[in-house]
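Undergrad: In case you want the letters, here they are:
2 protein chains.
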Amino acid sequence: MNGADALVQTLLDTGLDTVFANPGTSEMHFVAALDRQEGMRCVLGLFEGVVTGAADGYYRIRQRPAGTLLHLGPGLANGLANLHNAKKANSGIVSIIGEHATEHLELDAPLTSDVEGVARPMSNWVRTISSSESLCTDGREAVVQARGRPGRIASLILPANFAWSTMSHFSPMQGPVREANAEPIDEKQLASIAGHLRGHGRRTLLLLGGRATQARATTWAGKISAATGCEVMSEFYSPSIERGAGRTAVPRLPYAVDAALKTLARFDHIVLVNAAEPVAFFAYPNKPGRLAAPGTQFQTLSTHMQDPEEALHMLCEALGATRTPAVLVERLKPSSVLEDGVLSPESIGGLLAALIPENAIVVDEAISTGRAFDAATREAAPHEWLTNMGGSIGYGLPVAVGAAIAAPDRRVIALEGDGSAMYTLQALWTMARESLDVTVIVFANRNYQILRGEFSQVGAGALGKRATDMLSIDRPALDWVSLSIGHGVPASRVTTLGEFSDAVRRGLAAPGPNLVEVVL
Amino acid sequence: MNGADALVQTLLDTGLDTVFANPGTSEMHFVAALDRQEGMRCVLGLFEGVVTGAADGYYRIRQRPAGTLLHLGPGLANGLANLHNAKKANSGIVSIIGEHATEHLELDAPLTSDVEGVARPMSNWVRTISSSESLCTDGREAVVQARGRPGRIASLILPANFAWSTMSHFSPMQGPVREANAEPIDEKQLASIAGHLRGHGRRTLLLLGGRATQARATTWAGKISAATGCEVMSEFYSPSIERGAGRTAVPRLPYAVDAALKTLARFDHIVLVNAAEPVAFFAYPNKPGRLAAPGTQFQTLSTHMQDPEEALHMLCEALGATRTPAVLVERLKPSSVLEDGVLSPESIGGLLAALIPENAIVVDEAISTGRAFDAATREAAPHEWLTNMGGSIGYGLPVAVGAAIAAPDRRVIALEGDGSAMYTLQALWTMARESLDVTVIVFANRNYQILRGEFSQVGAGALGKRATDMLSIDRPALDWVSLSIGHGVPASRVTTLGEFSDAVRRGLAAPGPNLVEVVL
Chain A
208 MNGADALVQT LLDTGLDTVF ANPGTSEMHF VAALDRQEGM RCVLGLFEGV VTGAADGYYR
268 IRQRPAGTLL HLGPGLANGL ANLHNAKKAN SGIVSIIGEH ATEHLELDAP LTSDVEGVAR
328 PMSNWVRTIS SSESLCTDGR EAVVQARGRP GRIASLILPA NFAWSTMSHF SPMQGPVREA
388 NAEPIDEKQL ASIAGHLRGH GRRTLLLLGG RATQARATTW AGKISAATGC EVMSEFYSPS
448 IERGAGRTAV PRLPYAVDAA LKTLARFDHI VLVNAAEPVA FFAYPNKPGR LAAPGTQFQT
508 LSTHMQDPEE ALHMLCEALG ATRTPAVLVE RLKPSSVLED GVLSPESIGG LLAALIPENA
568 IVVDEAISTG RAFDAATREA APHEWLTNMG GSIGYGLPVA VGAAIAAPDR RVIALEGDGS
628 AMYTLQALWT MARESLDVTV IVFANRNYQI LRGEFSQVGA GALGKRATDM LSIDRPALDW
688 VSLSIGHGVP ASRVTTLGEF SDAVRRGLAA PGPNLVEVVL
Chain B
208 MNGADALVQT LLDTGLDTVF ANPGTSEMHF VAALDRQEGM RCVLGLFEGV VTGAADGYYR
268 IRQRPAGTLL HLGPGLANGL ANLHNAKKAN SGIVSIIGEH ATEHLELDAP LTSDVEGVAR
328 PMSNWVRTIS SSESLCTDGR EAVVQARGRP GRIASLILPA NFAWSTMSHF SPMQGPVREA
388 NAEPIDEKQL ASIAGHLRGH GRRTLLLLGG RATQARATTW AGKISAATGC EVMSEFYSPS
448 IERGAGRTAV PRLPYAVDAA LKTLARFDHI VLVNAAEPVA FFAYPNKPGR LAAPGTQFQT
508 LSTHMQDPEE ALHMLCEALG ATRTPAVLVE RLKPSSVLED GVLSPESIGG LLAALIPENA
568 IVVDEAISTG RAFDAATREA APHEWLTNMG GSIGYGLPVA VGAAIAAPDR RVIALEGDGS
628 AMYTLQALWT MARESLDVTV IVFANRNYQI LRGEFSQVGA GALGKRATDM LSIDRPALDW
688 VSLSIGHGVP ASRVTTLGEF SDAVRRGLAA PGPNLVEVVL
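Chains A and B, in that order, give the protein sequences.
Per our numbering, the very first residue in the first sequence carries number 208; after that it's consecutive.
Per our numbering, the very first residue in the second sequence carries number 208; after that it's consecutive.
Calculated from the structure, these hints are not laboratory results.
A portion of the hints provided could be inaccurate.
Where chains are identical, the list cannot tell them apart; a pair therefore holds if satisfied intra-copy or between any two copies.
Said to hold, decoys possible - List of simulated lysine to any residue pairs, SDA-like, C-alpha gap at most 25 Å:
hint, residue 1, residue 2
1, Lys-494, Ala-316
2, Lys-395, Glu-245
3, Lys-672, Glu-245
4, Lys-469, Pro-501
Chain A with its partners taken away, still in its complex shape (with noise of 0.2 Å):
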């Protein structure tokens, strides 16, 4: 037995049965241990931004890590904008990096790089094997790190000699490795919000993050909500918001610094339940960054440290609460929805809400288009909302591979603007590979809009030509039907509401992936 078989078989001990990959030649023992070892199952990304995008989506789904499979410096330099993001939303990741043998090193050989140094900044644990005897431990090391709470971005770096050499000994299995144990929550401090909320329940907003927007806890935000007149809302971005018809609301604060701004004057007191007081995504001239009203106090019921359902579910016994009956989001009726007619992102999120299926799960990167979709689906069937953490675009079609790996019996809708979808588009072909239930739905407006609107944000001024250069997307017109196919994606272009309403109905009753081209 090698190295390569040792480190497969330490990581399926530890319940990591998952891998993403995209390898090189100092991978190839790893990938020939795949053969060897039964019960890993390894999907091939072809960069490196599918890879660790993917495993993002497999533990916002999951909540377990996968592994990542990358090939030296330059192939985790690919996957590190999706890392960031995954490390922002406190996914856990096994990030498996090979490199070069250790005595290969100093001879500075063309893809040589500091790895760690690579690996630092978007990962919570970085450590390079430093010998045979200590593979099995680092491994399983790695996996303690990412299920810790929150989970983590824990980067291994395997040097290929470790990788080929005979293992002299190999260590017993130690088992499955859970996720850390969550701290207990403070019930003072409990008892203190409890107090406030009774007095001061209207002027009060407990704000959701992280996995405060499971159903299992927004459930007694409802409660609390009702007992105390107090509002509930989510973060703008959350790794995943369970939502829809027969669960509580609860809306995403808004993205621009002006409707947060307005959003949040109305509250003077904020209960943080996994959630960080409101920052805008960017600085801008003479706004403010931090959103809140001035004055207003925060209290923190519970970090990403701690279980915000047993936090919000003790809040709600503090209240005497936990029988209140909330009010929960009634199911879409159909009279209501346009059926056809012009696209707008309006029309398009009222048909959505109908479409949805059950218990989907939804990658958002509409970016622009797609603002007006949290309001426009409250009724939608209940399903799951995932949202960018990192703010880094090229995050929805990796984030939807993983979780259509992670939930095969589900299925998944990735929306994605075409500026944002073509950073990671590669992901199409994955999807095909593995017949993955995803429909990708396009919103070809042929412009970085979004940047329009932070342009006049910024204070820049007017769009003269060259900066309308930048802005746009149209010269060519990207063919997301073209792109789609080349990657074996089956895919129609729809203009009109009706076309789009045929279009994604047909997809989500397909199986495998699909594609729909909206041209706004």
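Fit chain B to the supplied structure of chain A, relying on the hints for placement.
TA: Frame of chain A; chain B shown alone:
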């Protein structure tokens, strides 16, 4: 005038007039400044790897730096792999990375990351602008760094607040920044090398790297060879070899370790001309990393800090060989070219030798299919041949973009593997947008063919089902004609040598970009 205007003016003043860009919100003031400051050409890429690779190609052809404009840490991360390649090619680049406004950083907004940490592994120089006062000095210093000898990656991080702040004063212009002077040649060392060559030319290799493979340098190398019997070769990878009919033949060292060992076994002395000791690309069990025969003596004629033309000219003079006629490559006889038959690396290479237009720029990322091309295209019309110095695949299409922008009057041919082209296929769109005269030839073997060879080389055993799966990209087959058309580049597919000949001839004659998918 704000900081962004001042920075654009500073860059223009130094002579830097081309920027490859994929901007975001924090770069909007820089984009706006492009409208107000005349003379800066700004080329949009839809993925950051396109942007950094294009700057590499631009430098290789123009031998002066372009700028890149990237968005925060994750945008830079997406560009790192091609910055790695550019750094290894000693290409000078002024990499401008937007950063959050200084006061926004403490809020830890989603896109916040350690930008300097991301930049450092693939940069030679990193600086964050820390005041409006230093902005112009910093901008100029970045160009000075990039124009070092050899060229360097200068990463300049621009916080948004310094871009948007009004400048209290603007330093007077200081004029163009020229490339750093070459260090003088060590005459004692040169005399010693001349002495050795006089007595022992036949067992000596003149190994050329960096700019020593430009025709103005190889012309002297050819005379030295003719006068002393030494051989002339280049490193396996090279920023650009000027080669073809009428020039000194400079065969490349082989990639494969065994072939390289065999080639180098006939030398007991190697003279390095802007080259490094030959080492294996990767480490393999039981194979040496150093490729020269044991006991080989090395002497350095010149380094990247020196001018190889000057060094070779001086050596030629010391040998009294400046008037010795060199053996020059003869032009291919048209009658020797097969125009129809079965597609193979050799038959394709032979046809390419006939088709490469005079003064063309060939960007070679054909990986496994391309191994036969060095020998096969030796007698082509004079042209430049660019290879990947850093080994991170996905360099080819972006470098072709940059080369075409740098030399609008020359035809560019990009030779790509289907696996490698996928990493940065978005470059096709920039070719279409800028109407670049690039003919892309994709060799579709539908495998990571090089990895099949490497799998066996590293002794990973027999390929099983799961390992085969990781090295095959035929399920589904990528449809390069659709992918190309999707990006706005006309394309055709060929399956015989005759079709290949027709399609490439048509492509080379047509204005703008086109793509030929060669199904192997």
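Undergrad: None of the hints should be skipped; say for each whether it holds.
TA: Evaluated hints:
For a Cα distance limit of 25 Å, the shortest separation of Lys-494 from Ala-316 across copies, 15 Å, qualifies, whereas the shortest one inside one copy, 49 Å, does not. In this assembly of identical chains, the alpha carbons of Lys-395 and Glu-245 never lie at most 25 Å apart, being 50 Å within a copy and 64 Å across copies at closest. In this assembly of identical chains, the alpha carbons of Lys-672 and Glu-245 lie at most 25 Å apart only when taken from different copies (12 Å versus 59 Å within one copy). Within a single copy, Lys-469 and Pro-501 get their C-alpha atoms as close as 12 Å, which meets the 25 Å cut-off; across copies the closest is 75 Å, which misses it.
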